[in-house]
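Enquirer: Going left to right, the sequence shown walks through residues 9 to 84 as this note's numbering numbers them.
These are calculated hints, taken from the structure and not from any lab test.
Fair warning: this is a prediction, and the values are worked out from it, not measured in the lab.
The reader is advised that the hints may include incorrect statements.
Between beta-carbon pairs, the in silico distance windows are [as the list claims (entries may be wrong)]:
1) Leu67 x Arg22: 19 to 27 Å
2) Ala65 x His33: 16 to 24 Å
3) Met62 x Pro18: 28 to 36 Å
4) Arg22 x Pro84: 35 to 43 Å
5) Val51 x Val76: 41 to 49 Å
6) Val25 x Val72: 40 to 48 Å
7) Leu77 x Gly57: 27 to 35 Å
8) Leu24 x Met62: 16 to 24 Å
9) Glu73 x Val26: 19 to 27 Å
Ideal Cβ placement from N, Cα and C applies to all residues, glycine included.
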Amino acid sequence: MRAAVGRPVPVVVRRLVVHEFRALHSLGLWTVRRRHRIPEGAVRVPYTGPQTGMMYAFLFVSVVETVVLALVIPWP
């Protein structure tokens, strides 16, 4: 698949798409409070407490942006 996508899609675009998918995956894990790549028996250090308000604000702004752009941009 890399050979098929590699030529027509520039490296920068591929990296941005991969980053976007990883960010969405992380948001999904955060939403359902799951861990990723933490072995059993390891000490989990929570750090999302102070970030929770910012993440909800980010989610709200993303939804508002999507709705506003859907109304502003003329669709066929």
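Enquirer: Look at each hint and say if it fits the structure.
Expert: Verification of the hints:
| no. | hint | verdict |
| --- | --- | --- |
| 1 | Leu67 x Arg22: 19 to 27 Å | 26 Å, holds |
| 2 | Ala65 x His33: 16 to 24 Å | 20 Å, holds |
| 3 | Met62 x Pro18: 28 to 36 Å | 32 Å, holds |
| 4 | Arg22 x Pro84: 35 to 43 Å | 28 Å, violated |
| 5 | Val51 x Val76: 41 to 49 Å | 43 Å, holds |
| 6 | Val25 x Val72: 40 to 48 Å | 24 Å, violated |
| 7 | Leu77 x Gly57: 27 to 35 Å | 32 Å, holds |
| 8 | Leu24 x Met62: 16 to 24 Å | 22 Å, holds |
| 9 | Glu73 x Val26: 19 to 27 Å | 22 Å, holds |
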